[in-house]
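Novice: The residues making up each chain are set out below.
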Amino acid sequence: MVAPVAVIGSQVARQVARVGALARFSFSAFGAWRTLPAAGRRVARRVLLNQVWFTALQAVPLVIILSSILSFLVISQAVRELGRLGATQLIGSLLVIAIVRELGPLLTALVVAGRSGTAIAAELATNKVMGEVDALEGMGIDPVHYLVLPRFGASIVAVFALTILFDAVAIAAGLLAALANGMSSGRYFDIVLQSLAFRDAGLTLVKGLVFGTIIGTVPSFHGLGVRRAATEVPIASSQAVVGSILAIFLCSALFVAVS
Amino acid sequence: MALPLVFDQVALGHDGTRAVVSLDVPGHRAVCLLGDQTSGVGKLGRFALALEQPPGGRVLVLGENLAALPRRAALAFRRRVGYLPAGDGLLQNLTLYDNMALPLRFGSERSEPDIDGRISVMLAMLNLQHVARLRPAGVNEEERRRAALARALAFDPELVILEQPFDGLTHRAAAQVLEIARGGESAEGARRTVFIIGPSLPDMLRPRVELRYRLVRGRLEPEA
Chain A
1 MVAPVAVIGS QVARQVARVG ALARFSFSAF GAWRTLPAAG RRVARRVLLN QVWFTALQAV
61 PLVIILSSIL SFLVISQAVR ELGRLGATQL IGSLLVIAIV RELGPLLTAL VVAGRSGTAI
121 AAELATNKVM GEVDALEGMG IDPVHYLVLP RFGASIVAVF ALTILFDAVA IAAGLLAALA
181 NGMSSGRYFD IVLQSLAFRD AGLTLVKGLV FGTIIGTVPS FHGLGVRRAA TEVPIASSQA
241 VVGSILAIFL CSALFVAVS
Chain B
1001 MALPLVFDQV ALGHDGTRAV VSLDVPGHRA VCLLGDQTSG VGKLGRFALA LEQPPGGRVL
1061 VLGENLAALP RRAALAFRRR VGYLPAGDGL LQNLTLYDNM ALPLRFGSER SEPDIDGRIS
1121 VMLAMLNLQH VARLRPAGVN EEERRRAALA RALAFDPELV ILEQPFDGLT HRAAAQVLEI
1181 ARGGESAEGA RRTVFIIGPS LPDMLRPRVE LRYRLVRGRL EPEA
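Just so you know, the sequences run in chain order A and B.
For the first sequence, the working numbering puts the final residue at 259, and the numbers step up evenly by one.
For the second sequence, the working numbering puts the final residue at 1224, and the numbers step up evenly by one.
What the hints contain is simulated information worked out from the structure, not anything from laboratory work.
Bear in mind that the values here come from a model prediction, so they are computed numbers and not experimental data.
We treat Cβ as the ideally placed atom computed from N, Cα and C, and that holds for glycine.
Label pairs and their calculated CB-CB ranges:
hint: 1; chain 1: A; residue 1: 42; chain 2: B; residue 2: 1124; range: 24 to 34 Å
hint: 2; chain 1: B; residue 1: 1120; chain 2: A; residue 2: 231; range: 35 to 45 Å
hint: 3; chain 1: A; residue 1: 246; chain 2: B; residue 2: 1120; range: 48 to 58 Å
hint: 4; chain 1: A; residue 1: 42; chain 2: B; residue 2: 1002; range: 27 to 37 Å
hint: 5; chain 1: B; residue 1: 1167; chain 2: A; residue 2: 46; range: 26 to 36 Å
Put together the whole structure using the sequences plus the hints.
Specialist: Listed below in structure tokens is the structure:
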């Protein structure tokens, strides 16, 4: 009778301890820029630019394709269906609320988590397994400074910038859909601009920052959490993506609840 | 003046015979401590640099117990010690040149031309110029080991800790690694203090390693 409860209890305690360790890791990564030595900044900046290239710039085509297809489909359907009801002015609300405010940051974060989250976790786990992390420590280089901080920064930059791109492409693709369904560009922009408030844009960008922070820390935490076995690398990658996606959805729900 | 390296009642305890190592490594000497994989000898380098805590005892490096230092201070102190980990620990996404330059770029205020000058000298000394722009995966084991040694010597440390440095090397390459680690000769002996850990030492290198010990059944025994 007691045994199942004990098993559940120990599982819960383990998960809580893991979340606590992740929180500690996130805070230490966040504060690491303050302790980064002046000489190390030059190297860290170079790694950061490399990571921005992999995380942000290489994801641009995928984000453009996803955003334009999503927006084209949604706006095409909306113009057709809402047009029948004489409620085409609701297209603006649909575009702003559904795509710009909710799906834009969410899908962008999922794209970056899928592409780069796995890469970050696998790379750091390999670094650990190959003894590279210990070698860095042995040289007097903090692995958080050299490995984590640039990836953390690049993830924030990537999700933030790609969210702006996603939303801009969504509005542009929405225009094409509206034109294809007989709506003038002037009317389309009137509707969209009426619905788009400064608060929406601000909330979108805050989400980009928060999701970027998640993608910068969760995969790094799982990647550096492996011990010495190569078999742990795919496990760390999988846990990193699952953890990131879960955290992104939870935060997204939290944003809806508080906004 | 403090001894370069002191193991004070350091517990290893792996193979059931809980070994306790006490050893003073004198300056300007090459000292090796041999033991099989299960003896725990391989961890002494990690204990010395406080990368891992020993189950008991303490290690003094250049008179300082790194395990007792705050993290920032310990990281800074490690730059005074050259460390060649087992394997090589080279970063796979950097070229050999960038691997060798990394500690100088990250841990010193030297300008890029200054770093380039020092690395060029090291590359020539270790005969690595032709592979300097290749990544570790593109070169052979000897070249990787020499590059890792060059990286460990980037700050010209007075103490070098080498973990299994001769595994998989030809005798000629092993002799070269040892001579470069010693850093030449001074009136007192080797210019650097070299501490070698591993399962074995090639016979031909014995004359160049002044003090040799082996951990046998938990006891440290000097080798003839």
